[in-house]
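Novice: Each chain, letter by letter, is given below.
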Amino acid sequence: MEFPDFFQFHLPTRIVFGKGLSADFSAELAELKVTRAFLVTEKFLHTLGIPERVMTALQAAGVAVAGCFDEVVPNSEVALCERGAELARKAGADCVVAVGGGSSIDTAKAIALLLSEGGRLLDYQGAQTLTRPLKPMVAIPTTAGTGSEVTMVAVINDPESESKISLVDRFLTPALAVLDPELTLTLPKRITAATGMDALTHAVEAYVDIESSPFSDALAAQAIRLVSKLLLAAVTEGGDVEVRSGMQIASTLAGVAFNHSMVGVVHGMAHALGGMCHVVHGEANAMMLPFGMEYNLDARERKFAEVARFMGIDTRGLSERDAALAGIDHVRQLNQKLHELAGLPTALSQVGVPRDKLASVAGLAMTDGSMFYNPREVVEDEVLGMLERAH
Amino acid sequence: MGFFRDEEHLYRCLGGLFEKVRRDPAIGPKLAAAGLVIRFLYEEPDGQITIDVKNPPDSSDTFFTTFYGKSDLEPDVLMTMKADIGHRFWLGKINLVAALTRRQIVAKGPIPKILKLLPAIQPTYAMYPEILKELGEDKILL
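So the sequences go chain by chain: A and B. Straight run, no breaks: the first sequence in this note's numbering ends on number 764. Straight run, no breaks: the second sequence in this note's numbering ends on number 150.
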């Protein structure tokens with residue numbers, strides 16, 4: 374058994390879980406000692422009454438709602454974050470509350486940063502550039518996949534440089550994550566499938582990446598077990614709060630895991646597919662995951678055999694390689710079932726990715742920071758090969 | 009007492025490496041392809057080295073230009089660290105990802121572009137001890 378030369382485990386986020394908790398988390402708010410909250414959310418969530426539910430909870434806890442910024446869209450841009458921060462500053466906010474999916478939470482991180490430190494967002498691009506805690510941030514995820522409620526990373530789109538900028542700083546990690554599975558009960562089947570596969574991809578990549586540690590491994594393993602057991606049920610029985618609870622927990626476990634060991638080639642390709650061809654992140658991850666696992670198989674045979682066991686596959690009598698291959702096959706079968714049940718795409722051609730753009734996608738993927746953490750050196754020609762096979 | 013006596017000593021040792029690298033036909037073009045201005049800001053002793061792989065080099069036998077001390081160039085990437093950490097890094101004794109995590113190195117700018125340079129600079133870890141020996145600086149080898 375080998376252990377890494379160095380690793381650290383740091384979880385500054387207080388995680389609270391409970392059915393209906395987003396309607397009352399006053400005890401946790403009291404400890405944050407905040408008085409004016411600035412909500413960051415997505416417009417369509419108003420139709421479900423989710424921001425209103427949280428605002429009522431804040432007010433009942435004695436926290437005034439300083440503003441509700443509901444302009445978040447997928448892949449938020451720098452200007453949007455800066456506008457949100459300006460509004461939060463003018464409103465005199467002393468904390469930021471994110472309600473929504475990954476984009477809302479990442480946008481809220483950027484707003485909390487600018488609200489606390491001032492300046493322009495690009496000034497903070499980099500790793501661990503902050504020297505003190507920000508104004509507290511609360512994350513209330515409405516999907517089960519992103520994990521952003523427990524990570525120190527925010528990825529924001531910068532149209533000027535035609536790229537995504539990464540802000541990586543432990544002070545960006547939310548102070549409080551409120552996990553309320555009731556908020557995910559109405560998630561459409563396709564979004565449930567895509568976000569669930571996002572969580573699975575986080576967990577699998579976290580488990581095999583070069584920065585993995587015994588701590589991140591333990592969390593990733595449990596996330597794989599839960600997603601493998603519950604994702605199909607979450608799609609077919611979306612109203613089952615127990616199933617949704619398991620998926621919510623799996624997503625956060627995977628988030629903590631990849632916050633420490635990062636992600637790899639699958640995310641590198643998914644980010645490029647999202648940036649250039651607007652492929653939904655979770656769907657891109659789902660389509661590329663089996664190819665990424667195959668790519669890394671030689672470098673992590675034993676670990677992929679373990680992944681197969683976490684997925685519930687009976688690997689008795691199989692060699693490690695055959696067990697690992699069974700795991701990859703299992704992911705393909707899962708994708709196919711999710712295609713039949715929820716319309717999850719199984720090929721890049723189904724989501725409008727033109728074949729003649731694949732070379733550019735491969736080139737962009739090579740510039741993604743995730744590639745560095747992949748257990749095997751990533752080669753552009755082979756990335757292109759994976760994209761072609763997934764087309 | 010750290011590895012370097014003063015700023016001049018820092019430039020002599022690390023500069024010895026950078027001057028060789030910017031003429032190296034295997035490494036130089038790979039770094040030049042990044043198209044960045046990278047500044048290393050050192051503390052204890054204080055000093056700064058700026059590597060300009062964005063603009064044309066200052067001489068025909070080099071692939072990029074280096075500046076020792078203050079420079080007016082606006083860096084795309086700013087790497088701040090203690091001089092001892094810089095020394096250990098170029099000896100290949102520092103895991104950059106771990107150093108970033110532990111805040112031994114603070115990187116400001118596009119991190120993916122910085123990480124992408126790591127495979128290209130791998131050979132410098134073997135070059136630096138040799139350069140220190142040539143300079144008679146064996147005593148600061150680890």
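If you are wondering where the hints come from, they were derived from the structure by calculation, not from laboratory data. Take these hints with a grain of salt, some might be off.
Pairs of lysine-lysine residues, derived as DSSO-like cross-links and limited to a Cα-Cα distance of at most 30 Å, are as follows [stated by the list, open to error]: (1) A:Lys508 / A:Lys406; (2) A:Lys562 / A:Lys710; (3) A:Lys730 / B:Lys121; (4) A:Lys463 / A:Lys392; (5) B:Lys62 / B:Lys78; (6) A:Lys537 / B:Lys28; (7) A:Lys730 / B:Lys38; (8) B:Lys101 / B:Lys121; (9) B:Lys62 / A:Lys537; (10) A:Lys406 / A:Lys416; (11) A:Lys730 / B:Lys62; (12) A:Lys406 / B:Lys121; (13) A:Lys602 / A:Lys463; (14) B:Lys62 / A:Lys602; (15) B:Lys121 / B:Lys147; (16) B:Lys62 / B:Lys28; (17) A:Lys730 / B:Lys78.
As the structure is a computational prediction, the values presented were derived from the model and not from experiment.
Novice: To test your reading of the hints: which numbers does this structure violate?
Specialist: 4, 6, 12, 13, 14, 15, 17
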